[in-house]
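Undergrad: So the sequences go chain by chain: A and B. Position 35 (the first sequence) corresponds to 39 in my numbering; numbering is contiguous. Position 467 (the second sequence) corresponds to 471 in my numbering; numbering is contiguous.
Among the clues, some could well be false.
One copy or two, either will do: identical chains are not told apart, so a pair holds if it fits within one copy or between any two.
No more than 25 Å apart at the CA atoms, straight line, and that leaves these computed lysine-lysine pairs for DSS-like [unchecked claim]:
#, residue 1, residue 2
1, K475, K404
2, K226, K283
3, K441, K422
4, K404, K441
5, K140, K446
6, K340, K283
7, K234, K140
8, K140, K226
9, K283, K218
10, K140, K359
11, K283, K479
12, K475, K461
The set of hints was computed from the structure by calculation and includes no laboratory data.
Letter by letter, the chains look like this.
There are 2 protein chains.
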Amino acid sequence: MKTKQPTRRAFIKTAGAGAAWFAVPRFLHASSSLNGNPSPNLIVIFCDDLGYGDLGVFGHPTIRTPHLDRMAHEGQKWTNFYAAASVCTPSRAAIMTGRLPIRSGMCSDQRRVLFPDSAGGLPSSEITIAEALKPKGYATACIGKWHLGHLPQFLPTNHGFDSYFGIPYSNDMDNTTKIGREAFWRPKTEYFNVPLMRNEEIIERPADQNTITKRYTEEAVKFIKENKEKPFFLYLAHNLPHVPLFTSDHFRNTSPRGLYGDVVEEIDWSVGRILETLKGESLDQNTMVVFTSDNGPWLTYDQHGGSAGLLREGKGCTFEGGMREPTIFRWPDHIKPGVVTDMGSTLDLLPTFCKLAGADAPEDRVIDGVDLRPALFGTGPGPRDLMFFYRGQQLYAVRKGEYKAHFTTELSYYKDNKKTYHDPPLLYHLGHDPSEKYDIAKDHPDVIADIRREVEKHEATLIPVEDQLAKRLVKINKQDG
Amino acid sequence: MKTKQPTRRAFIKTAGAGAAWFAVPRFLHASSSLNGNPSPNLIVIFCDDLGYGDLGVFGHPTIRTPHLDRMAHEGQKWTNFYAAASVCTPSRAAIMTGRLPIRSGMCSDQRRVLFPDSAGGLPSSEITIAEALKPKGYATACIGKWHLGHLPQFLPTNHGFDSYFGIPYSNDMDNTTKIGREAFWRPKTEYFNVPLMRNEEIIERPADQNTITKRYTEEAVKFIKENKEKPFFLYLAHNLPHVPLFTSDHFRNTSPRGLYGDVVEEIDWSVGRILETLKGESLDQNTMVVFTSDNGPWLTYDQHGGSAGLLREGKGCTFEGGMREPTIFRWPDHIKPGVVTDMGSTLDLLPTFCKLAGADAPEDRVIDGVDLRPALFGTGPGPRDLMFFYRGQQLYAVRKGEYKAHFTTELSYYKDNKKTYHDPPLLYHLGHDPSEKYDIAKDHPDVIADIRREVEKHEATLIPVEDQLAKRLVKINKQDG
Chain A
5 MKTKQPTRRA
15 FIKTAGAGAA
25 WFAVPRFLHA
35 SSSLNGNPSP
45 NLIVIFCDDL
55 GYGDLGVFGH
65 PTIRTPHLDR
75 MAHEGQKWTN
85 FYAAASVCTP
95 SRAAIMTGRL
105 PIRSGMCSDQ
115 RRVLFPDSAG
125 GLPSSEITIA
135 EALKPKGYAT
145 ACIGKWHLGH
155 LPQFLPTNHG
165 FDSYFGIPYS
175 NDMDNTTKIG
185 REAFWRPKTE
195 YFNVPLMRNE
205 EIIERPADQN
215 TITKRYTEEA
225 VKFIKENKEK
235 PFFLYLAHNL
245 PHVPLFTSDH
255 FRNTSPRGLY
265 GDVVEEIDWS
275 VGRILETLKG
285 ESLDQNTMVV
295 FTSDNGPWLT
305 YDQHGGSAGL
315 LREGKGCTFE
325 GGMREPTIFR
335 WPDHIKPGVV
345 TDMGSTLDLL
355 PTFCKLAGAD
365 APEDRVIDGV
375 DLRPALFGTG
385 PGPRDLMFFY
395 RGQQLYAVRK
405 GEYKAHFTTE
415 LSYYKDNKKT
425 YHDPPLLYHL
435 GHDPSEKYDI
445 AKDHPDVIAD
455 IRREVEKHEA
465 TLIPVEDQLA
475 KRLVKINKQD
485 G
Chain B
5 MKTKQPTRRA
15 FIKTAGAGAA
25 WFAVPRFLHA
35 SSSLNGNPSP
45 NLIVIFCDDL
55 GYGDLGVFGH
65 PTIRTPHLDR
75 MAHEGQKWTN
85 FYAAASVCTP
95 SRAAIMTGRL
105 PIRSGMCSDQ
115 RRVLFPDSAG
125 GLPSSEITIA
135 EALKPKGYAT
145 ACIGKWHLGH
155 LPQFLPTNHG
165 FDSYFGIPYS
175 NDMDNTTKIG
185 REAFWRPKTE
195 YFNVPLMRNE
205 EIIERPADQN
215 TITKRYTEEA
225 VKFIKENKEK
235 PFFLYLAHNL
245 PHVPLFTSDH
255 FRNTSPRGLY
265 GDVVEEIDWS
275 VGRILETLKG
285 ESLDQNTMVV
295 FTSDNGPWLT
305 YDQHGGSAGL
315 LREGKGCTFE
325 GGMREPTIFR
335 WPDHIKPGVV
345 TDMGSTLDLL
355 PTFCKLAGAD
365 APEDRVIDGV
375 DLRPALFGTG
385 PGPRDLMFFY
395 RGQQLYAVRK
405 GEYKAHFTTE
415 LSYYKDNKKT
425 YHDPPLLYHL
435 GHDPSEKYDI
445 AKDHPDVIAD
455 IRREVEKHEA
465 TLIPVEDQLA
475 KRLVKINKQD
485 G
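Generate the whole structure from the sequences, applying the supplied hints.
TA: Okay, structure coming up:
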């Protein structure tokens, strides 16, 4: 990752008592946060297919998210924060390892994600956040969707987590019948024969998805209470609001946004429960909570998919709507409240968490994440200046600073869409034009040349690895009777 | 206006300390606010062409609006609040009178707004908010853009305001030369020979637009300080961010959003100055501040226009992007903080203000506004259940509850766009589908029939009046030399 140019400005601002707006002085708690809290608790709340525009504080008019709105007000709302892929499995490989999925083999041009008949998963050679934090005595729990391999060797408990409770892949998999898309409009648990696992055992099948958000939340609260004396890392990865949409009785038919709103409002309730538990256990000042999502909204599911707000396109695409996520960091008395327009990525959590915990990040491999502490604590500009946008194993677009070049574009989720190659690439200034409307390539050949050099440098760091998503189990044809 | 159906839910929610989210009990200060503050100060901050998505708290990623974000956090963010027209003059006639512009003659199929050669204006028979509040001893000031007639008889000082300071129409008018649109990309004050007026006198021409937001703000602060002993009504109508975009030195080249961002961030600074002044003068608890805009973003000006966020289309249109506005109400200790998804409109300010001030609203004419106090104070559901969407003198669309029917659609600002008539009308559920993507007319003939009945009832209330926007001054051809 290149060092930021010194002309970049700090983009945190707050509404102070003073007359004029001002940039937050970037020196807050820089050392005390490290010395006073050598091992802060770390919580990642990760959604599935939540759109950039689906929270109140990110502009949705009818989804009510008071807890997330308050979390953003008390913490930092990041408006240029990216998942590292536009679909599930590669995005999750990236958040867990701090590495682009092209390095771990967790992306493919054959199949975009892992399926129940997949034989691959996150290689044991990869080091997850949980594994990196273990030497520092962290209790670690994975609750929710994993989707990095459901065979035993790939499960969370073999990747550094003390425990696992959740559905190991997407909630629309294991269809029991050849259900059509209409089954998604009024989904029933029995349509989707997904397993619910405790550690390496299936404890319920089909998982009762109506109560899944509630049960994940209860598990998370229990884990926090049981581990309050030691540092902990909690990875709470909701299966929702991925289709099919399920919600508990308490939330059904309550949101002005309909079923999708019910589901997101239940996740917001869950966030409120987590924050309330931290407060109740006096862990508020010693716990950093990060809220984000794995990729953009699944637009092809009409009103059952979310909204990317003003961003272009959604899930599956390398336009902004596919990979920019509504992201909030909260750590009272440590993170200065405000809006951060600096770039960040889920790739950055591993190196940042390692620094916060005093743990060693892997040094024998390329880590694509950067340490976000300067932006979090206000000690300097956000250190991320580059973002690579892959579709499968192909590099489609690159953002450097405010400029994003699209070398290839392809709309929507499905892989039979027509690819379009661009030479020169489409070029957008994302600061001025977050909706990627106005191609300015002809005015900036220098920017494009610079980005091409970054691509060359990046590609020189890639090493061939096995495609984990192409591997399949042998198909067993059972005979009836 | 029809009474709300009892099944409508209250849509205010807050992040309380309790475990679950909850609807705000609707009884807060309902009587104390009236008895304890018989004559609260009333401030309307009105922007020009600001898009629904242009504030941080309404989802913009690179426009930084910390003061408005905080105002929303401390007050109420209204996410379904409408201007009464999608262009300037009719929208302003509506906010001032509480009446649809079709009733005052302030909309036209000939010219969409007033121009410097216009001979018309808001008729003296209309009663403005300022006139309605005068009997209760209110000091009244209009600062900024008026655009309800620039001939003396139409100016603010002849419509109930004690004083006026501002540019009387749009800041792109009075072009000195036949400038092309490129002059908008790097605008200079001398390109636009608009007058700056003090009461009925022109004091500067061309108005120095670079300092106009700053000067409007200083005037507003001065007015507040000078009138703190009596109740006052301040109507602060910024000329910006309408094109051409101007900003003061302090803000130029500072926003990640570019010039448009600089301009909106200066308006945010201005809001901060007003709120700081109220606090400094101990007027905080006795002043209601409303922030909103006249219509949606002018999308045909590319990056010099704003963003409607997830809403469809912009200025000039009867789709949501043309008329739904980012709206915030703030009145500490009186208005319960939260997000309000109930409908509201600029039409409602006059009746609401009259109730708050104990003043009489006009009773000899149709008032299209409703008293918003139940929603503001939490004593009941928002009373607005209908909204009419006119383009010029033609009724194009109607919203009833969550359903909006488009009988006619026409894109963009310019009047030579092709009209499309729809029978049955396009029908959208705005709660589930705020982006107006999924026409559900065929599933809801009953809803359409109900809306048609509302149209009939509405049209029966209309009385022919003179078209004020079609009236022109005699053109005087001056000879050279």
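Undergrad: Now, for every hint given, state plainly whether the structure supports it.
TA: Hint check results:
1. K475 x K404: Neither: 34 Å inside a copy, 54 Å across copies.
2. K226 x K283: within (14 Å within a copy, 44 Å between copies)
3. K441 x K422: both (20 Å within a copy, 23 Å between copies)
4. K404 x K441: within (18 Å within a copy, 33 Å between copies)
5. K140 x K446: Neither, since 52 Å and 61 Å both go past 25 Å.
6. K340 x K283: Both: 18 Å inside a chain and 24 Å across chains, each within 25 Å.
7. K234 x K140: Within one copy, since 10 Å is at most 25 Å while 64 Å is not.
8. K140 x K226: within (22 Å within a copy, 59 Å between copies)
9. K283 x K218: Within one copy, since 19 Å is at most 25 Å while 43 Å is not.
10. K140 x K359: within (11 Å within a copy, 63 Å between copies)
11. K283 x K479: Cα proximity of K283 and K479: none, with 50 Å in one copy and 72 Å across.
12. K475 x K461: Neither: 30 Å inside a copy, 66 Å across copies.
When held up to the earlier numbered hints, the structure conflicts with 1, 5, 11, 12 and fits the remainder.
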